[in-house]
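Taken in order, these protein sequences are the chains called E and G.
Per the working numbering, the first sequence runs over residues 1 to 536.
Per the working numbering, the second sequence runs over residues 1 to 274.
None of these hints come from the bench; they were simulated from the model.
Among the hints, a few may not be true.
[To be verified] Under the rule of at most 20 Å between Cα atoms (straight-line distance), these lysine to aspartate or glutamate pairs were calculated in the EDC-like manner:
id, chain 1, residue 1, chain 2, residue 2
1, E, K430, E, E398
2, E, K335, E, D351
3, E, K335, G, D171
4, E, K430, E, E400
5, E, K197, E, E179
6, E, K335, G, E186
[Claimed, not checked] With the Cβ distance kept under 10 Å, some of the chain G side facing chain E (calculated, not the full set):
id, residue
7, E109
8, E113
9, G114
10, L215
11, S231
12, R234
[Said to hold, decoys possible] Simulated coverage check for chain G against chain E, where a stretch passes if three residues somewhere in it have a Cβ under 8 Å from a Cβ of chain E:
id, segment
13, 27-36
14, 41-53
15, 150-164
16, 175-182
17, 198-210
Even for Gly, the Cβ is constructed at its ideal location relative to N, Cα and C.
This is what each chain is made of:
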Amino acid sequence: MASGNVPGADTRPGARVELSGWGWRHSGREAYALRGVDLVIEPGERVLLLGASGAGKSTLLHSLAGLTGADGAISGDREGSLLVDGAPADRSRGSVGMVSQDPETQLVMARAGDDVAFGPENLGVDPGLVWPRVRGALEAVGFPYGPRHSTGALSGGEKQRLVIAGALAMRPRLLLLDEPTANLDPAGAALVRGVLKRLLSETEATLVLVEHRVAEVVDLVDRVVVVEPGGGVIADGTPGAVFAEHGRSLAAQGVWMPGNEPGPALPPAPGGGPRLEAVDVAARTPAQLGVRSAPRRVVFEGVDATVRAGAATALTGPNGAGKSTLLTLLAGLSKPYRGRVLPRGPLAEADQRPLARWPARRLARHVGTVFQHAEDQFVTATVRDELRFAPLRAGMGETETDAWVDELMERLRLTALADVHPYTLSGGEKRRLSVATALSSGPSHAPDVLVLDEPTFGQDTRTWTELVELLGALRAEGRALVMATHDDLLLRHLADARVRVADGRAVYEEWKPGAEAEGPGEGGPRYATAGGGDHG
Amino acid sequence: MGDRAELVDRRIRADRAPSGDTLTLDAPEDGGARYWLVGLNPAAKLLAALLLGVGLVPAVDAVTGGVVLAGVLLLLPFSGIDRRTLLVLGGPFLLMGLSSGLVNYLYGEHGAEGALGAAVRLLAIALPGLVAAVSSDPTEMADGLVQRLRVPERPAMGVLAALRLVPLLADQWRTITLARRARGLEAGGNPARVVTLFFGRLFALLVRSIRTGTLLAAAMDARAFGTGPRSRARESRWRRADTLLLVGAALLLTAAYALSARLGTLVLLFSGGG
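This is chain G alone, in the form it adopts within the complex (with noise of 0.2 Å):
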């Protein structure tokens, strides 16, 4: 019996172990602190993500925005999130916030300010749904959603099976490539050709995940989906800590604001003011 309990605990341990799977999120039992954000309700996290991005949309400038933003920066460290993956997700839009500020700075009417504003406005308010996704494990997201967002099931459930067949997809494509090759097709530098090649394995690619998807939805009828009502495995839990999430993002917006005013430093849309 002592063997079995210590079996059974090797394994969960195992499981614990990084997965190298983009569709699920493990808090290592250790993690502590590191983890903090990643135990959180999803629903909230989206919540707060979206309380801040809404609220951040009067005001254009930078230190409203900065204040968010160094808000959300601060619990960087406690949302489980590698620098690799932040590197490569955050990337792309630390990119879109310069140019944004650069575009802003070229052809807006405030100069180097509004242009700071700008950059500063469009990292706050998309960092904090980014931490929210990234630090979030998607069926708990799906959970999350469909139980304390009431978000319709069906759908929900849908997405969350089609995710599965991304990595599928990716492998299907590299094929498609290959084959490609094999069949003596390369565009050899003709922008054209490369162009008409390009759309010639995007349909390849549709008609493929077209069968795939199909497959899919038949499996998940033949298991009794959309018979009638479900029942939850899982339970959506909102603790006391997802309720502070939402209270500690409407005082950052609030204390944003009030310090921006404060400085006088702010402008809010459509005001004409700066």
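If we strip away everything but chain E, and leave its shape as in the complex, we get (with noise of 0.2 Å):
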């Protein structure tokens, strides 16, 4: 009975894509993110879609879908016509499968049949074909565990899986792909890559995706298209034709190109003595709320680490490891389960004890950190507003906060924005501020040390450019940097220590001679000493 679900059905054929005259404004915005767009694809096809950040890529994918009609999730205006099989979009819903960044927003019900089973039941299968469906897609997507599985006890990687199967269960004839690894960690990744790859030699739906690191996509794509902001399609052809003539301007534009990287000059690093210190160090999880939740857990143990004056110190691992927890107990803003987190140098002149127990006032002024979502640290109403709370709550005077406000916006090309609200910024824009505040302290005591949790997730080249450069001078000024993150390029060009926090403990991966050796004389780098083997 199992096999006899509709055999073949897993190859029905394409969808055909039609847009003519096609644009969308969101509801209460001024500019239309795009407008005019012309485009034809064929069954079958695989569209690789590029453009700028804010180029509205999100935006067609979501029309594809079929959420941006009247009664869809997405309001705006809307001019010419988008047809999916020669039906408006928004009628064709439920032979589109779309797959966007986040699994945690994507997964509905609490088990991992029931969540893929969710697509199929809406579209009225009947339910002795349901299970079949569900069966044959966890397969598909390579799912390890059972369809009773709960969806909370997952990785990001397989929640992804199984969003991905969520999708296949419905049988989609257009496939959209919304930067579908873009929240993983590199094995998460790598895992989603591997199943897209099969999955596409096996399908013959028609294929639409987004992503911004073309490197790692281009093979699976036989056409781009490249779209502008507020504009339609500038570009459309084989991937090699396409590269070869637009791959500069695209690069300065920001979308990452195999072979256009960016490669900022950074000064060395000046190196110095250490100004914080883990001493056996422990976390556990959080406690959870609600009932039959899982005891507490002992995330890591045992873990020794110095973070030094004038060098760049990266912590590396899976997600879920403990790296962002190993962050917040060196940015001082938690409590170690055991051991402590010591100032040393300049901070232990300022307060001796550990860092968990400083007043959050003089902590933010000797230790910024930068969180991975910005809206997380925005406690004002504009953008001044933001940059002044700072150095006015430091004490520092009215004419020269205003002073030194210009001349940070300036740096950091936030000056158009002034008065706008922080949460109405686009996403390059949100983490330049976000690093502006972490420093808004003042020339004269910026903080000593800056923590950043994955500075560079999700942004385009331009925006990563400047940053790594940014944090390029602070490191020259001689301010510690420690900061979490999978992005190699960025641990190519700035780490001088990595960390690599997994299986319960962080171990010094690597330290660059040259950070060590001009240190002011207070000896070669400690290593991290391996937690004991008592964990888990």
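Put the complex together from the two separate chains, hints included.
Take a look at the structure:
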């Protein structure tokens, strides 16, 4: 019975997509996200959609998925026509499968099998045929657990595979992928890319893919379409042809092009004495709310680490291994389960106590933290107030503050946005502002240590380059940088020391010789010792 | 082939291990009578709880409530609820019952007897609902509500999906709290600042949760949610045991009233007796 499910249904022919003079403006905006788009995608074609950040690529995908209609989830004004197999897209929902960036907000049900069944149920598929479809889809993505497995207990890569299975179970004729690996760690991303590669060799569905990191998907597609912010299609052709003709201009617009990666010129790391020292630190998972919740578990223990001035220390490792947790401990934001994070050098002169016991005001002046989601750290209503906040609290004079804030906004290209609400900024602008707020205590007492969680996540090449150059300059001034990151390019350009956080311990992997030699003589690097073997 | 079957078997058994997850509930295969209540239809459990709760509203004496409470307590060993959960969830209810009793004792007109009645009644009304909720898998609960009690499907599925976001929200709350400290914001023992800071954080959480909710709604729409009549992959079965539970609840209620009337302790609401 299981194999009797509509033979050949997995190879339904792809859908034909036709846009003419199509445009979309989000409600409440003056400018069109996209306008005058003329594009025909033939059945079975695999298209990579490219454009600068803010060029409306996601908007186009959402419209293809039928989410921007009169009763869709996204409201706004439309012009022109968008047809999937000759019918308006908002009436073709169901023959279209979509996979977006963040698996957390795409899983609907508490159990894996129920989640995959959700789409077929919505399509009114006969209950007897739903489960064979679910099993087939789970098998197609290589899902390693049974259908009753809890979706809350999966890793990011496993969740995203489940999301793909959920889309496949609907037997889509048009498959839309919106940066499906953006939120995953390298291992999870590789896993999902492998699944996609295998699926695309089997299905005949039409594919439209949005992906910033072009090099990783270029062999999955046979056509590249480039769109322009507020405009239409500016380039269209085979990958080879489009990259040869437009590669440079795309790279200049911020698109990550193979062979055109940014190469920032950074001043060398001066090195210096220790600023923070973690001594035999352990951390636990936070207490969970609710019934049947898992007991608290030790994430890592026995971690020793030293953060040095004039150097960048990178924390690497898979998601969930505790990089961010170690980062918040080093930043003095939370108290370790065991062990201490102690100030060293000038920080110890300010306060001898462990960092977790410092008053917030003192901590903010000496240790700046940049969170992964920039919005989390905004506390005022305009960009200018956001930057005035720290210096005024630090006791800087009114005129002095304004001069410094103006300088900071100039340096980070935020001057034109001074009176805008921080939440309404674009992703890149938010990132620049969040770094600026961490630095804003003033030139004389900018923080000695800057702690950053995935600072380059989701940034286009322009913001990436600005950010890395700014961090390089701070390092050259003798500030200590600590960052948790997956970004290989960032690691290559900026990291002086790497600490790998995995399997309940943290181990120094690498120390660039230059970073220690010129230090003012507090000895060589201290290697983080591995935690005891009794973790877990 | 045999290897494969064994592998599948092992997977299923692994799936049955406690998930550490609030949103799924599996009775272990060898659980036996200990998990009897978990196996019943959540709709039956809810109806029985509703019957007991509503049925107890008119009686304000300790005996009627006490009999029902005793009956429900006898069921606890078969509910699969572990001691910790019972303590965490039952604690507040017990406190509520005790404080209600205390208030009645201090200010009520019926002295210690009335106070005991008030406390027992509150517990007897609340406990069945609590047991019904905690002994049910949320997905099965939604299925039962939709298929057996004809609750509209869209809101039921929406609530079920939103439940998944609760742990996410807790994470976001923690991050926002840390971020305030990173910006140098701390109440420092000043109660007025505690309040303003709290609402600042709440606003930040609201912004984040609206964004998260919008994304989830879009993902549900992208999977054709709300395009037409749904089919149901899971059937919410009504078995004889479910009917028996309802009959049992009705009998328990009747017995409680009969016993109390027989003993002459029955006091009805607004009757002013005692």
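If you draw a straight line from the CA of K197(E) to the CA of E179(E), is it 20 Å or shorter? With a Cα-Cα distance of about 14 Å, the restraint between K197(E) and E179(E) holds, given a limit of 20 Å.
Agreement of K335(E) and D351(E) with the hint, judged by alpha carbon distance not exceeding 20 Å: Satisfied, since the Cα-Cα distance of roughly 16 Å is no more than 20 Å.
Would the hint on E113(G) be counted as holding, given a Cβ-Cβ threshold of 10 Å to chain E? violated (35 Å)
Agreement of K430(E) and E398(E) with the hint, judged by alpha carbon distance not exceeding 20 Å: Status violated; Cα separation ~25 Å.
Given G114(G) was flagged as interface, is its beta-carbon under 10 Å from a beta-carbon of chain E? This interface hint is violated because 34 Å lies over the 10 Å limit.
Count residues of the segment 175-182 of chain G with a Cβ under 8 Å from any Cβ of chain E, then say if the count reaches three. holds (count 7)
Under 8 Å between beta-carbons, do enough residues of the segment 150-164 of chain G, three at least, approach chain E for the coverage claim to hold? holds (count 5)
The hint names R234(G) as touching chain E; please verify it with the least Cβ-Cβ distance against 10 Å. holds (7 Å)
Next item in the hint list is E109(G). Is there a CB on chain E closer than 10 Å to its CB? With a closest approach of 39 Å, the E109(G) hint is violated.
Taking the closest Cβ pair, is S231(G) under 10 Å from chain E? holds (5 Å)
Verify the interface restraint on L215(G): the C-beta must sit less than 10 Å from at least one C-beta of chain E. holds (4 Å)
Keeping to a limit of 20 Å between CA atoms, is the pair of K430(E) and E400(E) held or broken? Outside the cut-off at roughly 24 Å; violated.
Violated hints for the displayed structure, listed by number in ascending order: 1, 4, 7, 8, 9, 13 and 14.
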